[in-house]
Amino acid sequence: MTARFLFLLTSLFSIELHAQFGPDNGLKASEPKFILLQNATIMVKPGQTLTNTDLLLHNGKIVQVGKNLKQDGAVALDYTNKVLVPSFIELYSSVGLDPIAFKNNGWRPQLESNKEGAFYWNEAVHPELNASSAFKFINNSTDQLQQSGFGFALTHYMDGVVRGSAAFVALGQTDIHKQLLLPKAAQFYSFAKGASKQSYPSSQMGSIALLRQALYDLDYYKKNQNNLAYSVSLAEWESICKLPTIFKTNDKWEILRAQKIANEFQTSFVYIGAGNEYAIVDELKKINAQLVLPLTFPEAYEVNDPYLAREIPLSELKHWELAPSNAMLLQKAGIPIAFTSFGLKNADQFWLGLRKAIARGLSATDAMAALTSVPADMLGIGAQVGTLEAGKYASFSVFSADPFAFEAQLLETWNLGVARYWKTHNNSNLSGTYSIQLPETTYELVVSGTPDKPQGKVVYKTNTDTLTTKATILLKEQDVAIQFMAIGTNQPKLIQLHAKVLKNGKVLEGDGTDAKGSWFHWSAIQHQATPSPAAVALQKDTTTYGQAWFPNMAFGTVAQANQQTVLFKNATVWTNEKEGIVKGADVLVVGGKIKDVSRQNISAPAGARIIDAAGLHLTSGIIDEHSHIAISKGVNEGGQAITAEVSIANVVNPDDIDIYRQLAGGVTAAQLLHGSANPIGGQSALIKLKWGATPEEMLIDNAPKFIKCALGENVKQANWGDFNTIRFPQTRMGVEQVFYDGFYRAKAYQKEWDDFRAAKTKMAPRVDLELEVLAEILRSERYITCHSYIQSEINMLMHVADSMGFRVNTFTHILEGYKVADKMNKHGVAGSTFSDWWAYKFEVNDAIPYNAALMTEQGVLVCINSDDAEMGRRLNQEAAKSIKYGGLTEEQAWKLVTLNPAKVLHLDDQMGSVKTGKAADLVLWTAHPLSVEARVSITMIDGVIYYEEAVQANKQQQMEQERVRILSLMLAAKDRGEIAVVPQKKVKHHYHCDTLGEDATQTENTH
Amino acid sequence: MKVTLLVFAILWSSTLGAQRILLLNGTAHIGNGNVLESAAIGVINDRIAFVKNSLTQSFPSKDWDTIINCNGQHFYPSFVSANNTLGLTEIDAVRATRDFNDVGDWNPHVRAQIAFNVESRVVETVRTNGVLLVQATPRGGWISGSSAVMKLSGWNWEDATVLADDGIHLNWPSDPKNYAAQKRAIYQFFELAKTYALDRDDQISDLRLEAMKACFVANKRVYIHAETIQQIIDIIDFAASFSLAYPVIVGGRDAHLVGAKLRDSKIPIMLSRVHSLPSREDDLTFLPYQVPGLLKAQGIPFCIQNDGDMQPMNTRNLPFQAGTTVAYGLTNEEALSSISLSVCHIMGIDKDYGTLEAGKKATFFVSKGPALDMRTNLLTTILVDGKLVSTTNFQEQLYLKYRQKYRAD
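These protein sequences, in sequence, are chains A and B.
Adding 4 to a residue's 1-based position in the first sequence gives its number in this note's numbering.
Adding 11 to a residue's 1-based position in the second sequence gives its number in this note's numbering.
Among the hints, erroneous ones may be present.
Said to hold, decoys possible - Below, simulated DSS-like cross-link-like pairs (lysine-lysine); rule was C-alpha separation at most 27 angstroms, straight line:
no., chain 1, residue 1, chain 2, residue 2
1, B, 307, A, 959
2, A, 827, B, 412
3, A, 992, B, 194
4, A, 86, A, 37
5, A, 827, B, 416
6, A, 71, A, 86
7, A, 480, A, 507
8, B, 194, A, 990
9, B, 188, A, 989
10, A, 246, A, 226
11, B, 205, B, 194
12, B, 188, A, 349
13, A, 349, A, 427
I should point out that these hints are in silico values taken from the structure, not numbers from a laboratory.
Build the full structure now, drawing on both the sequences and the hints.
Have a look at this one:
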């Protein structure tokens, strides 16, 4: 849309919404009292369209909608054949706001807030930012929104976790004093830290903890305002916290994460979605989610090079396929949806996206509602905006046809009664055949194309021949310019013509120049007219599309796996119980539990799957005590030395291929640990590797509470470069003091609450999520798993624990455990170690592969863990190394990765051995499980078979078919003219103990 | 235990004079696919004199300085770890110990041989699992430098050297965006190097190009590090266009997909670490375990190497990586070859190393059980070029020391 088409009639139609406080320069502006749009087609609201109807406007509002309206003094305008649609409402924008400036701190980590003033301690929490007070008159910057049909926007500072209040504004070129319709219409949250340079939070779990803590602080501030110092942030937040709260998410799972916070604080959020919500429709239905969906769909890939095409993961292909169906699938499930144009580059993309969503089966009515009444209701302002009914704002768009059913043109946008003209409806139809009379020759001009974009060719007939050449035709309202190379002469000559379009295109008349530059007069008469094509109806997409898998990626399943009744016959069963290794035993699984283990023949219940396990070994599932797979956006919250408030359980990611890979290695459960970036890290997630389940389903019910602590080089940032020398501690000496300080503060905190609960004090203390967790440790309600290497630090932490009256549950890594096994025994701490890793940093100089065996020999409860996505799937081999290094028995070795971790995690009442009553977390091996040649035949969790070697070939075939099916759709899309981009090889990165920030890296792992 | 004592005695006794060592009654895994039960191996000085059936022959004890009875144990040729920074770095995270990556894009002249630390504490923990030879290899740039094949026993790098400057290591471009330009830069460098190599002027005028010379006029290998199909087929063309006598592809995760074209090119593959995750989300879960078997089935020459995270210390797990392939398509003896004879063949040292055969260097070991399985890889005797080497290491000593502490307590 070029500026040429803009005609502003502000001076004529300007209407006062509010009293004008300022003086006019010169005479008072002239304006009509009433405007009457006559004979329009009015799409009053979703599902109601009135034809030949009038719309009466006054003072920026709608006075009346009806047939044959009369009003004295009204400027009457004819809107025959034009369609009026209520202005769309954009909920996610920052129109009229400049980005927030954060103070640059240089290259060193910034631990504290750099913001001067009585603001919240963390720069990512800025509820005091008020969009209305900074909102600027919006000029052409909203053209894209207006061309997309939007007349209203909710604008806010698009940055940070607690973002502040949003203003509801009218778009268009009205007076700034009228645009701010609702200065505080909503407030915004997100899990993205934004532009703040402060170290904390550096992970999504950190953002979650920060938001929760801030909400507790808000509550505390509300209740104790009179006794507390004034906080600009909290005071302002208090005034806006009852507003509709909109939560920006970047992935479907973030919605479920945010909803937990909504539940905790008894509030509700409207979610700005990421576009992949279709994969968890049922979960979203359960929480009654309200969603605002993007119309940014992934671009197709260039798939003609098979080498490159194979680099596109199925997850991306499947998302490409289903993203445009997102709205339809959610709407079908009864989930209220709105649309945002956020992320789109221009208005054409908006219309393309919207029409794609409609083509995929979203009804026209629902599409209209998603842009008008639904967002209005989400903000609770349905009485003012969202439909074209009397009393509402006179904001609407004028189209050449119903834009939800036809490829309509946007002609005008009216904002608060002020019109902006984008395009003139072209009544002239040039399509047809003209005779052009030029001074020397007569040509035939054939015009085709659409009324707005005519295309032409010139035909010249001689006695013997018919010659044609292309003519370019530019039509601007009633002026047409035609240009072509004259034919039929020896030398082609450029002819340029200009004409006025007369009689609706029947006659063209004007001047032109020939090759010599001489001017001449010319005219043309249309002797044959082609009927103008009616508005092009939107086509339904009749392609059959696939469905989301569980999870929606390679190795996903079409439906979630089910529990089965299974009878393993004649297996060599590694019971991990006093029976030891039992040959020729049967194991019956019913209802997710082990029903019976017997050397006697067990008869199969009806419907049971019988698995002949003769020659095969059946064991309980491997439990990885130390894992970092299946985690979203950050394994470390390294922003502070103590981050007990964060929890991996908040960020479990079911869409990680490593879950499947570990199942294939016989792993059934894992402790997902926080990293080792700080002395007291975050809480663990204890999960079962249920492929295709939700995060909540993966978390083990009523699992004991764990937290990761860490010692040594990582926590003192020894290998993090010379700029990381700011955060305390930088030495092992400092590490000890961090622990003491934390636990003494937790003790005091506990006392404060005890006193309050015993009614000794009146004022409820502030909830401190960090100290809550440390107090749980002191009360022995939460176990510590502590990353540790050398004996000095190991002994130190045991001293700290002894003196504070709790027990360290597990030392992980514990590579010098063999030196202090006696002390560990005395303290009662378990050791979870690597089989043979060392030489990766200075503190592992004395690490020896005999560690597991020697600790075991000394009576320490020992596990072997992976801490590594690759090693995690061959923990059976790692356990076997303890036979070589230190001579453990095979049963002892096997327990290192099964029963012992179950005990260490206090889950041995439900897993860790093959025993009647325990969970059916079982693995069937093709050979002796400690053999280098053992493969997993079947992995079962809670009686559900999640991995089966025998079906891998079928699975691969199914995946290949799915790939080919979607690649064909991509080729077809490209043929239709959709953009296709060149694929890049995707390298999967992994989280390690020392990975910082939200993104996994491929750096060397220093554990 | 007796054997161990004997070994110690020999260690301390003498390194002078002709050594005649006889090892009796073991299962000899030759390294070329063959197995000889109840084998006797005679070692004279630094070479294997014979590998015979010990039941059908008699071996007068007076002919031997040392006789080791290996009742039921297993003889293996040295495992050989190609493409490794072992000996060039000690502690990954300590920059002062990292001697494998120098400044510059074109470094064929930097030589791993002279930086090799024979006293590395990592080396002794690797040796005790049967890896007695390593190709010490630099990293970085387009050409990282020249590698060297080293024994994991010696007083200094000079006497630990098996083959100095055995090859240069070229990192083939992988970024699709700049691929054509980067590939052109490599062609240009090789054109320059080849012109220099074939020039009759013997004056050394360019150290960098001098280091490339043997790649064109002698046996120096050109090790080309690459993984994907596109890279591999381009390397086949590249090797042909420069008539390289000994090109080798290092990595080659996609090699099994190239098939006949690769086989016909006769370019061998030093295959990426078996114990690794597939490089693509959609790849078969155990693809890296399967690739050796897939290459074997297609007749593509290959060996297994261990490049990757923490590679020096992980070298001791090379046998178990080979062992893992046995469940995925290789036989035990093929798996052994992939870390013994095949490696030596690719590097050009198979005349002296790689199998238990008469005439080869006596660089082999005795293990209580099958050495490709973690449980039974237990070395009782190690010989490097005919010299007995300690079967313990500082880690075992620390183990024994603290075990003793608890016993004393």
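Inset, instruction - Could you tell me which of the numbered hints above are not met by this structure, giving the numbers in increasing order? - result: As far as the earlier hints go, not one is violated by this structure.
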